[in-house]
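**Student:** With chain A's structure known, arrange chain B with the ligand on it following the hints.
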Amino acid sequence: MVLIDGSRLIIESLARAGADVFVGYPITPANLLYRYAIMRFPAALSAPDEITTMQWLCGFSATGLLPVTATSFPGFALMLESINMAYMMELPVVVVLAQRLGPATGSATAGADGDLLLLRGTISGGHPLPVLAVNRLEDCWTIPPLALETAAMLRTPVVILTSKEMVMTQFSFELEKLSEVKPVNRRGCSCDDHYESYAPGDDLVPDFLPVGNSRHQVRLNASTHNRQGIIQHLSAEGLENTARLEKKITLNLSRYTRYHLDEENGADTLIVAWGNAALAAEEALERLRLRGEKVSLLLPNTLLPVPAEYPAIMSRYRRVFVVEENLSGHLRTVLFGTQGRNGVVGVNSLGKMITPEEIVAKVMGKNG
Amino acid sequence: MAESLFLSTKPLPFCPGCSHHLVVRHTAKALEQLGLKPLEVVLVTDIGCHGIVDPYFRTHTVHGLHGRSSALGAGIAAARKGGKVVVYLGDGGASIGLQHLIECARMNFPLTVLVLNNMLYGMTGGQPSSLTPCGFRTPLRPEGKLEPHYDLCRIVHSAGAEYVSRVNGTGDFSAALVEAFGIPGFSLVEVVETCTSYGLKFNPGQKTGEIAHNAGLEFGVWRNPGKSVFRLSLNTNRGSLFKESSIAVQWTAKLQNRLGILVGGSAGGRVQQAAEMLARASIASGLYATKKGTYPVTVGTGYSIAELILARQPIRYSGIEVPEVAVIVSPDGLSYSEGLLGEMKGGLLLIDEALNSPSTGAKVVTQPFVKTAGTKNAALLALLYLLKITETVPVAALLNEIKMASREGPEVASRLEKQLGQLEGKSDSNEVAKERD
Ligand code: SF4
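Quick note, the sequences are listed as chains A and B, same order. Here the first sequence is numbered in my numbering, starting from 440 and rising by one per residue. Here the second sequence is numbered in my numbering, starting from 177 and rising by one per residue.
Bound conformation, chain A alone (with noise of 0.2 Å):
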């Protein structure tokens, strides 16, 4: 058994997976990702701000390195452009956002999971970010290659979502449990006479070129473009490609589709609970069963897009408690609008952590 915080699991686990190249600049809850990230990755520098980072990131993966950096909510919203190049440059990327108390610096030092809706509308155009949360300690050994896997693979950013009481928080660990992590698949090439660098293959994802290789021109873009990478105003071929970045994300959503599932026979009662929450939840869980009530749970890993299963998962249920550290119920409103559904309640907090016993009474209470 060791004492660890899930900081140094991610950084451990996406450094076994295949990640090249850290970038870095100063944010709390980040530090310690910052931290490992120097010590462990093959390369790792500083950069002076958040644009900074994710636009070197973004060189780097032009050429074919996989790369990586850690944030926070002021630092990833300064990100969003550089993001959205990435996104319709189709560049691999992967951001941990260490979500914290917000609005603005807030506390920095206070969790919170109140990131999500920002995540979901972070590509101009309502197109779809890939989001893989971290909700037990476990998840952020397993979570991140396949973040990795799903950037390359799919030539996009992605986000692993995860909060300051998850990096910054020791617990005692057995590392022997853990599975081997083998370095991802990445994108690459066959293409022997022709390249075009938007060209899509048959799930929707052109294959792969560094800029700067001997054989074939790459034309890499931000703008509207079409197949060549070449800019376009409205062209039928343009818009048609940036459509493309839409539906490959939702085709190979199978591919990134990961949760925890505990459902217990005849129950009508499912609590689901993603961050910070989903401890509490799985304690919380566990007392009621006690008690005799039946009660099924969903950890979601994969929030953006939303997978199939979830409505399915949802439908069975007569009463869903959605359990989540922030006020307004940001996955509430992600499975179920703002209308909500009846017998859907919000578990809620601001700037403390939601303990298992609040989510009891809730689930216990007369108005569920």
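FYI, nobody ran anything at the bench for these hints, they're computed from the structure. Heads up, a few of these hints could be off.
Some chain B residues near chain A, calculated using beta-carbon distances under 8 Å [unchecked claim]:
#: 1; residue: VAL218
#: 2; residue: THR466
#: 3; residue: ARG583
Using N, Cα and C, we set each Cβ at its ideal position, and we do this for glycine too.
**Tutor:** Below, chain B with the ligand without anything else, positioned relative to chain A:
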């Protein structure tokens, strides 16, 4: 038009008379002169009229965001082993991304930035940029720009760029480009132009060279001594982060369920280290543990709070609803925790004797922790004392952690062991530290 290895034969997309024509042709000429092949070159363009030139180049082309092409180009250049990265940037882009240029100079990324300074933002209708000379008229500031400009070349030069030059965009400046492209690290060439569509129309009769001269922008070259070029090197043999060995179970804890402990002290009181040592000692005694810290932004002053959970079963939820045990060794720790201490309906509060006991439902035990061990080790002594009176985890397990923690560890441990013996035992407290079911 003469055949170029680097350019398609299509006529360039710029307005008649625009100096962008010359920038593009001289770029191609200079690259050719240096013996480069098109696929050895990456052209990174920004937003502006020059940004539509990609299709005319036979090099790799990357078209990025407004003001960011130099940072994007820096990433590409740093990751490549050789070849050439050329970045086009307007004066607007240079204003937006000034920091990226300074970073390029500081880091000495291997690329050349051409700043196509036509003294206005053309694509957005003609706003002045930070490089636009005071008094210069643009479509959206027809009365003339009132604010001052800066000298980009001097800024980038003083940031350490090996080669910076400013040229008049109306002549043959390909020699300057050959020189700039030949620099192994970072070089920048500012080409002063007049936009025929917007600039000339609003500043009739003014020559580009005169405008530059009147604004104090001299044509010339500024050099710094060469320095090492930044290229990314990948070391895939870095050691694992799991080098530290597992904590072996050598002791037996008496704790049966779960105990939430709050430790409240001040910065400099080694509260976090003490709590971490107790967490490790607990693991060495067969328990599970979590530990987290809270402190103000000024880590060198003010409160320092640690939350510990020790449990017989694996811990999932790492929060403490209300602590079963609180250990308070400083006024900062007390004032931060007072609310929580008030919520304690039972359990144990260990508090330094110099502090006023707060109102709490916990059993209160006072001891001279600070007087005995000093501010630096008071938290550790208090935790040792906690173990002594509650026997949740063996005192020996924590002493062992203290011993292993540093070179002075053995000495600190033996001193603390002695000091612990000086504190009166309160064996009845064993009952007080009720474990949570
Ligand atoms: S608008 Fe001005 S800068 Fe743009 S191509 Fe025409 S003359 Fe050149």
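**Student:** Against this structure, judge whether each hint is valid.
**Tutor:** Verification of the supplied hints:
This hint holds: VAL218 (chain B) has a C-beta 5 Å from the nearest C-beta of chain A, less than the 8 Å allowed. A least Cβ separation of about 5 Å between THR466 (chain B) and chain A falls short of the 8 Å threshold, and the interface hint therefore holds. Restraint check, ARG583 (chain B) versus chain A: the minimum CB separation of about 21 Å is more than 8 Å; hint violated.
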